Amino acid sequence: MTKDHSFVLGAVAYDPKVVTIWEGFRQYFAARGFAFDFVLYTHYERQVEAHLRGDFDVAWNSPLSWLEAQRYAVTLGRRVEAIAMRDSDRDLTSVVLVRADGPVKSVTDLKGRIVAVGASDSPQATLIPLEHLATQGVLAERDFTVLRHDVMVGKHGDHVGGERDAVRALINGDADAACVIDGNHLSFVREGLFAQGSLQILTQTAPYDHCNMTVLESVPPARCARFRELLLGMSFDDPEARPLLEMEGLRQWLDGRDTGYTQLAAAIDRFDTIAPWLARVTG
Amino acid sequence: MEPLRERIIDVDLGDLGLDEGAHLLVQRALAQCDPAQVIRVRGTAHALAVDLRGWARAQGHRFEVSEGAWILSRSASYDGRWRNAVRASGTDAATSPGEHASSRWGVAARGALVEDSVPAWDFALGDKDSVWSDDAPRLYAMGAAAQWDPATAVPWSSELTHPAEVEDAVVQVMTYLIENETAALQVPARFLGRVHPHYREIVQVLALQCADEARHMEVFTRRALLQRDALGLSTAGGQRSLQTLYEEPDYAIASFLLSVLGEGSFLSLLWFLHAHGPDEVTRSVAKLSAQDEARHVAFSLSHLQRHCEREPAIRAKFARAVDARHQALQHTAGLNREVFDGLVLLAAGGWSPAALRRGHHAVIALQQTMDEGRRGRLARLGFSAGEAEALSALHTRNFM
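Same order as they appear, the protein sequences are chains A and B. Mapping to our numbering: the first sequence position 164 is 164, numbers consecutive. Mapping to our numbering: the second sequence position 231 is 514, numbers consecutive.
Rather than coming from a laboratory, the hints here were simulated on the basis of the structure. Small disclaimer: the values here were computed from a predicted structure and weren't measured. Hints may contain errors.
[Stated by the list, open to error] Now the stretches of chain B that chain A is said to cover, found in silico as 3 or more residues with beta-carbon under 8 angstroms: (1) 299-305; (2) 323-334; (3) 341-352.
Just so you know, even glycine gets a beta-carbon here, dropped at the ideal spot from N, CA and C.
Whenever a hint applies, use it, and build me the whole structure from the sequences.
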């Protein structure tokens with residue numbers, strides 16, 4: 001059997017379209033003489049473990065799995081690097097929504113109330129907004145009750161269902177506030193989830209970054225460079241690349257950066273969310 | 284470097300939010316930008332800061348906050364989607380049909396600007412020569428204007444005074460007509476989805492043809508059941524004949540067999556029923572249907588004439604198809620005896636020997652009329668008199 005020199009990406013199958021997306025990338029790269037393949041995981045923690053085990057070359061990481069990989073790598077004396085990200089992964093914010101006619105007018109009004117969030121491991125709809133509220137003086141489960149919407153735990157909130165359920169809980173009166181990513185405020189109005197003007201933005205987080213392409217220091221440098229070069233060379237003007245970019249939700253691949261994850265890092269420290277997992281894999 | 288203020292286009296949204304349509308004003312300003320310019324958005328809507336950031340990110344526009352306003356720079360891929368777009372026309376006149384319809388145009392309106400990553404559609408009939416008729420727009424307009432309402436166009440309550448056996452004959456003839464009209468719907472319907480919609484008028488004509496046949500099925504059924512609870516007989520030979528039509532995979536050959544020979548013959552039959560029908564309802568449904576069928580025949584003749592002029596060899600294919608169908612059907616019974624007898628009795632209107640002779644002569648004359656019609660239409664397609672006579676004689680005895 002000849003050795004397979006494909007550059008292999010790991011991704012999480014949060015939706016059936018993930019197969020279509022990466023199969024499309026595989027063909028796109030093949031047409032440019034670059035052997036590329038992918039493996040899919042049911043959840044990010046399994047992907048991080050496989051990455052550190054050396055099962056594939058590059059991980060398409062959520063912000064949380066980027067930090068998980070980073071912290072796991074440190075325990076092994078290894079290093080991770082973010083080599084690329086989507087333009088749409090930069091400078092996101094999350095917002096806390098309340099009913100316009102409701103009693104919550106300020107962050108401190110949340111005391112004693114219920115805040116609806118997305119999946120427990122969603123950076124954008126749970127961890128970052130709860131960290132933001134904590135820095136504003138109201139702490140989850142001490143000052144207010146958290147109503148989680150655990151749609152597909154392990155997929156780090158990639159499935160929008162958790163955020164939609166959080167907003168439904170707010171509209172139905174089961175919660176007094178709901179946490180969503182900024183763009184979903186407009187998306188949910190447009191899809192008719194709530195009436196224009198019926199919800200208000202209580203507070204907005206500082207900008208943060210989302211997914212990135214993560215490699216370990218042991219990645220084959222030439223193939224990694226070629227992969228990055230092909231990614232960053234994809235043009236929205238190119239009819240072959242455009243459908244792939246649209247499916248993956250970007251206009252342009254950009255350089256990776258690791259400066260946009262401080263709020264999430266603070267959140268996982270404050271709420272101690274990944275320690276049990278890290279203890280298990282390193283123990 | 285230009286002074287900053289000349290690079291900035293100001294957009295004031297007032298209190299209009301992106302959740303109320305303000306993105307149109309932002310888009311309009313971005314469209315007016317050159318790549319070196321940016322737009323500065325101001326507004327007082329409550330969620331504007333949040334919505335504008337999310338919206339800009341999704342569109343690939345750069346977003347910054349500066350001195351109480353939001354600065355957007357246009358995405359480098361702003362008009363990339365349309366850079367290599369093509370017109371779905373292929374001719375100078377944007378809305379005229381081209382000689383070949385590209386599978387990449389898909390179902391785009393003729394003349395529309397089509398994004399270049401539209402998936403290829405599989406329309407098997409994408410050449411003008413194989414489908415087009417210059418008469419199609421006119422025949423479509425005529426057909427659209429001539430649609431009639433089965434509920435009101437037929438005098439359903441007029442009295443039936445003929446003998447019971449004549450009514451039985453009418454029921455049998457109607458049963459036969461329904462079966463044939465069902466096939467006359469199914470055949471164009473099979474090709475309707477295969478014609479490239481660039482040839483819009485052809486699709487429209489075929490769609491109307493299907494709608495016409497649907498009405499014919501309805502009125503013949505209703506006529507058959509006016510005084511009876513059950514329909515008549517359906518024979519293996521009749522169905523085998525129609526099946527050879529239904530299974531014909533070639534559009535030109537199917538049109539030729541169905542419309543030039545089959546519906547053409549049916550036209551004579553329907554006018555015969557209009558002339559000899561024993562009651563007003565029968566005469567009326569026959570006349571209304573004949574008027575529709577005349578358009579179907581005219582359309583097929585027109586596009587096949589054009590096809591024959593451009594591809595003369597196709598006449599030999601037509602001739603072979605008639606011969607093959609004849610071979611396939613030679614061991615079947617042809618027109619069922621009940622239909623033939625029904626037509627005689629229907630035209631006779633009663634049981635006296637003189638009436639039956641009159642009816643019989645009328646049916647023989649009908650068959651001659653059908654033959655003459657077929658020969659005339661074959662001549663219009665360029666067949667010689669001898670070829671037309673031979674081909675007409677080989678046409679199915681089942682008429683359709």
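Here's how the hints hold up against the structure:
no.	hint	verdict
1	299-305	holds (count 4)
2	323-334	holds (count 5)
3	341-352	holds (count 4)
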